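Undergrad: Use the sequences and the hints to build the structure in full.
Protein chains in written order, with the numbering used here: chain A, 1 to 204; chain B, 1001 to 1184.
Fair warning: there could be bad hints in the mix.
Said to hold, decoys possible - Footprint (simulated), chain A over chain B, 3 or more residues, beta carbon under 8 Å: (1) 1026-1036; (2) 1045-1052; (3) 1131-1141.
Claimed, not checked - Cβ-Cβ distance ranges computed for the label pairs, FRET-style: (4) A:His161 with B:Arg1075: 41 to 51 Å; (5) B:Glu1046 with A:Arg102: 15 to 25 Å; (6) B:Pro1027 with A:Arg148: 32 to 42 Å; (7) A:Lys69 with B:His1008: 18 to 28 Å; (8) B:Asp1116 with A:Val65: 53 to 63 Å; (9) B:Ala1095 with A:Ser163: 41 to 51 Å; (10) A:Met54 with B:Gln1030: 44 to 54 Å.
In case anyone wonders, no lab produced these hints; they're calculated from the structure. Keep in mind the model is a prediction, meaning the values are calculated, not measured. C-beta: ideal position from N, C-alpha, C; glycine also.
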Amino acid sequence: MVQKEYHARVRDASDVEALVEQAIAGSRTAFEQLVGLFQGEIFRMVYYRTRSTMDAEDLTQDIFVQAFKNLYTLKATERFRSWLFKIAVNRVRDFIRKKRFRALFSTLDDDNVAEPYEEIRDRPEALDKLMVQDFWKQVGSFLDKLSRMEKEVFILRFMDHLSIKEISQSLGKSESTVKTHLYRSIQKFRGEHSIRQLLQEGIA
Amino acid sequence: MSADKDLHLDEDQLLKALVEEAELPLPLRQHLSTCPHCRASKQIFEQDLARLGQMAERASPSPRRQVSLPVGEPRHSTGWLWGWRTGLGAAVAAALVVILMWGVPILRDTPMGNGDMLAREMQETEQFMTEIDLLVENALPPVYSDISVESDTGLDEEFIQFMLPPIEEESISYDSGKRGALLC
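TA: Here it is as structure tokens:
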């Protein structure tokens, strides 16, 4: 099922480019179609980093509005996806920075609101509740061991499914820098036996 | 093909292959493409990473809210117009900088500026020369002009002669004050 959805999400690049060109020319309908194509992907991208449905929805909204307003600055239509992710990466980074700043002055109750696993409790159809909780706990534990860049590159590559070129464009780093961080993050992933075991059991 | 065990990729090489297989040295790439053991080792990593992405997607909620875009059309790409406006803006900004940096010297050195200054200096010189001419004609300050002979009193020559008749030699002797002098 997931595999089918994944393949269904793989869009024809030329169709996307055509829509981007129409949107740049001023077509609102074309942009709405682009939103329909990328909303889920961007929502998940934000969710992986915030673990909050509400924040992910708000930020997804902001990201597409920002893209709508600045679409005319996009020169290479084939780079729309990485351009969109670049907006998203910057927006999420800004959000997390502000959230950390606010956390300095927040109470203990406020911190509990950000508990990442609560929002999955009402979604038994996604995966077994306990498995989901354990999954995010282990993923979070692993990601905490990575540096900021290693974490960003790893998530973009293996959870957001961006190519190395797209990651390079999204982060504004050279491909060789991306590969270096990716190599280090995979090296650390190799030693994570518990999460690898969970992944193998989860699919079985 | 039987792969030589000594040529098997080590873990670091396998990780490099995961990042970018094309960057492996050619012999290693050739070995990887033919060695079932190495391919299997690489696939284990690849599958784990692929499962991670799949599970993350399944363990995420779906967006419940649709994105609402601002009213209106996306801002048009102006193409050449954008470039033209940017160029014009840059030119204006550069001109402003040049004027601010060199404006004062330019104004000072312009012919119009020189002409104004020359006219003002000539006017001052002319005024100064007028004052000198007046002093040559009458060097006395105005306060002494009333008692000055040269001052214009409004009295004509006839009135002056009436008041101060010219001295006649026969009527007034040199020593007219002495007794008996007229009779001599």
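Undergrad: Go ahead and decide if the range 32 to 42 Å is satisfied by the Cβ distance of Pro1027 (chain B) to Arg148 (chain A).
TA: 36 Å, holds
Undergrad: Within 41 to 51 Å or not, the Cβ separation of Ala1095 (chain B) and Ser163 (chain A)?
TA: Check passed, 45 Å falls within 41 to 51 Å.
Undergrad: Could you check the hint for me, namely that His161 (chain A) and Arg1075 (chain B) are 41 to 51 Å apart, CB to CB?
TA: Between His161 (chain A) and Arg1075 (chain B), where Cβ atoms are some 30 Å apart, the hint is violated.
Undergrad: Would you say the segment 1045-1052 of chain B counts as covered by chain A, given the rule of at least 3 residues with C-beta under 8 Å?
TA: Holds, because 6 residues of the segment 1045-1052 of chain B bring their Cβ atoms closer than 8 Å to Cβ atoms of chain A.
Undergrad: Look at the Cβ atoms of Glu1046 (chain B) and Arg102 (chain A) and judge whether their distance stays inside 15 to 25 Å.
TA: 40 Å, violated
Undergrad: Does the beta carbon distance between Asp1116 (chain B) and Val65 (chain A) stay inside 53 to 63 Å, or does it fall outside?
TA: 58 Å, holds
Undergrad: Can you let me know if the beta-carbon spacing of Lys69 (chain A) and His1008 (chain B) is within 18 to 28 Å?
TA: At roughly 54 Å between Cβ atoms, His1008 (chain B) and Lys69 (chain A) fall outside 18 to 28 Å, so the hint is violated.
Undergrad: Could you see if the CB distance from Met54 (chain A) to Gln1030 (chain B) stays within 44 to 54 Å?
TA: Holds, at about 52 Å.
Undergrad: Okay, the segment 1131-1141 of chain B and chain A, do three or more residues pass the C-beta test at under 8 Å?
TA: Not satisfied, violated; 0 residues make the cut.
Undergrad: With a Cβ-Cβ cutoff of 8 Å, does the segment 1026-1036 of chain B contain at least three residues near chain A?
TA: Contact hint for the segment 1026-1036 of chain B vs chain A: violated, 0 residues under 8 Å.
Of the numbered hints stated above, those contradicted by the structure are hints 1, 3, 4, 5, 7, listed in ascending order.
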